[in-house]
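There are 2 protein chains.
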Amino acid sequence: MTPSAPTPAYRRLSVEERRSQLLDAALGLFAHRTPEDISLDDVAEAAGVSRPLVYRYFPGGKQQLYEAALRSAAEELQNCFDEPRDGPLLARLARALDRYLTFVDQHDTGFSALLQGGSVVETSRTTAIVDGVRRAAAEHILSHLDVADPGLHLRMTVRVWITTVEAASLIWLDEGKQPPMPDLRDWLVDQFAAALAVTAARDSQTAALAQKLADDL
Amino acid sequence: MTPSAPTPAYRRLSVEERRSQLLDAALGLFAHRTPEDISLDDVAEAAGVSRPLVYRYFPGGKQQLYEAALRSAAEELQNCFDEPRDGPLLARLARALDRYLTFVDQHDTGFSALLQGGSVVETSRTTAIVDGVRRAAAEHILSHLDVADPGLHLRMTVRVWITTVEAASLIWLDEGKQPPMPDLRDWLVDQFAAALAVTAARDSQTAALAQKLADDL
Numbered sequence: 001m002t003p004s005a006p007t008p009a010y011r012r013l014s015v016e017e018r019r020s021q022l023l024d025a026a027l028g029l030f031a032h033r034t035p036e037d038i039s040l041d042d043v044a045e046a047a048g049v050s051r052p053l054v055y056r057y058f059p060g061g062k063q064q065l066y067e068a069a070l071r072s073a074a075e076e077l078q079n080c081f082d083e084p085r086d087g088p089l090l091a092r093l094a095r096a097l098d099r100y101l102t103f104v105d106q107h108d109t110g111f112s113a114l115l116q117g118g119s120v121v122e123t124s125r126t127t128a129i130v131d132g133v134r135r136a137a138a139e140h141i142l143s144h145l146d147v148a149d150p151g152l153h154l155r156m157t158v159r160v161w162i163t164t165v166e167a168a169s170l171i172w173l174d175e176g177k178q179p180p181m182p183d184l185r186d187w188l189v190d191q192f193a194a195a196l197a198v199t200a201a202r203d204s205q206t207a208a209l210a211q212k213l214a215d216d217l
Numbered sequence: 218m219t220p221s222a223p224t225p226a227y228r229r230l231s232v233e234e235r236r237s238q239l240l241d242a243a244l245g246l247f248a249h250r251t252p253e254d255i256s257l258d259d260v261a262e263a264a265g266v267s268r269p270l271v272y273r274y275f276p277g278g279k280q281q282l283y284e285a286a287l288r289s290a291a292e293e294l295q296n297c298f299d300e301p302r303d304g305p306l307l308a309r310l311a312r313a314l315d316r317y318l319t320f321v322d323q324h325d326t327g328f329s330a331l332l333q334g335g336s337v338v339e340t341s342r343t344t345a346i347v348d349g350v351r352r353a354a355a356e357h358i359l360s361h362l363d364v365a366d367p368g369l370h371l372r373m374t375v376r377v378w379i380t381t382v383e384a385a386s387l388i389w390l391d392e393g394k395q396p397p398m399p400d401l402r403d404w405l406v407d408q409f410a411a412a413l414a415v416t417a418a419r420d421s422q423t424a425a426l427a428q429k430l431a432d433d434l
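Chain order of the listed sequences is A and B.
Everything in the first sequence is counted per the working numbering, starting at 1 for the first residue and increasing by one.
Everything in the second sequence is counted per the working numbering, starting at 218 for the first residue and increasing by one.
Source of the hints: derived by calculation from the structure; they are not laboratory data.
Treat the hints loosely; a few may be bogus.
To be verified - Which stretches of chain B does chain A cover? Using the computed rule of at least three CB atoms under 8 Å from a CB of chain A, they are:
no. : stretch
1   : 237-244
2   : 381-393
3   : 400-410
To be verified - Selected chain B positions facing chain A (in silico; Cβ < 10 Å):
no. : residue
4   : F320
5   : L369
6   : P396
7   : A414
8   : V415
9   : A418
10  : R419
11  : S421
Remember, predicted model here, so these are calculated numbers, not experimental data.
Virtual Cβ for every residue (Gly too), placed ideally from N, Cα, C.
One chain only, chain A, in its complex shape (with noise of 0.2 Å):
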């Protein structure tokens, strides 16, 4: 025998890579068919395993393997909120707004369903992770703001304006992608501006934050 790299289907995968083989394939499903529409028989062919080892994973079943399939994407979908801080605020709105359109494009089946509810694996396990990536979005919001403590005027703009964004990407979904992806974003990082502007004829605090982003431009 001489020397060789051992070929993909002989390389023995650790626990963890093996877990994140199968989540991946898991993911790549989900992306494009609804949860009712795959089977782990789908899983393990796409992962080229067999359907005994899915289980050893994941014994649980489909539930299981959804819900972590579905925190992985939460995971990938909190990174695209990441986001150096510095630069015009509104400027780095509309980078994440790009990199979370992009994911939205990329799974957009799978996205669909899961904001859109009625389907039968879904349980209030994973509507706290949905929940989650909201909250963790707000978050980010309020950060880059700089507001240590937000009031209930600005809190209830920053948190409608994420539903803003998650239903215009459903509806973006729906419309068969229209308007392109550079004008839904612009868009919607006006809308932002323009929902804050709303609340700044109300309230103080959001008053001074719009004031910051019109000097920053």
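Here the structure of chain A is known, so what remains is to put chain B in place on it, guided by the hints.
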């Protein structure tokens, strides 16, 4: 025997009356407790009838009762949108919002459980009922705006604003019903005008509408 009006306890209800009595009792319970916390026994007790009678009307048990109650609540919600087609457009929107927010106030916990998802009795059918209410709201708004053939931008703006209203209602409940309801209503009306203005900057159909709204005041 002297003739007298039958006491309520002895009055024989028609099938429709009985059904609506049970639905009212169920809605009353679902309004302030999550579906998980309610049993058919509770519904029977609230309606002052026997448990077998509840099953006779809703042989599908709690799931069927919940869906029927939800349908009845959806109808009630859609009635909130009925508004005469005269007077300034934003004033009409404000009046519809007043009725909607009163509904949210009255059905707080049930409303929130339903929209936040994760309920064990939630199914694709309950999701479809809620989506039907959203669609009806969008159609009402577009019809008041007198737009027969709304383009992509206007559709997205109106649909996104409807989720703004939903999200704001949930956050409002979450924040102990603060700010006061009239403030929330005015904020939502202003957000509508602001969202329309953002879209008007890139879409001529919406620009014409925004102009109409401004002339209207």
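Status of the hints after comparison with the structure:
Beta-carbon proximity to chain A at under 8 Å applies to 0 residues in the stretch 237-244 of chain B; the threshold of 3 is not reached and the given coverage is violated. Closer than 8 Å: that is the beta-carbon criterion, and the stretch 381-393 of chain B has 7 residues meeting it against chain A, so the requirement of 3 holds. Taking a C-beta to C-beta cut-off of 8 Å, the stretch 400-410 of chain B contributes 4 residues in contact with chain A, enough for the three needed, and the coverage statement holds. For F320(B), the suggested interface contact is broken, since its CB lies about 19 Å from the closest CB of chain A, more than 10 Å.
At about 6 Å, the closest approach between the beta carbon of L369(B) and any beta carbon in chain A falls short of 10 Å, and the interface hint on this residue holds. With its C-beta approaching chain A no nearer than about 7 Å, P396(B) sits inside the 10 Å limit, and its interface hint holds. With a cut of 10 Å, the hint placing A414(B) at the interface with chain A holds, because the nearest CB-to-CB distance is about 7 Å. Checking V415(B) against chain A: minimum C-beta separation of about 5 Å stays under 10 Å; hint holds.
The closest approach between the C-beta of A418(B) and any C-beta of chain A is roughly 7 Å, which is under the 10 Å cut-off, so the hint is satisfied. Because the smallest distance between the Cβ of R419(B) and any Cβ of chain A comes to about 7 Å, under 10 Å, the interface hint for this residue holds. The interface hint given for S421(B) is broken, as the beta carbon of that residue sits about 14 Å from the closest beta carbon of chain A, more than 10 Å.
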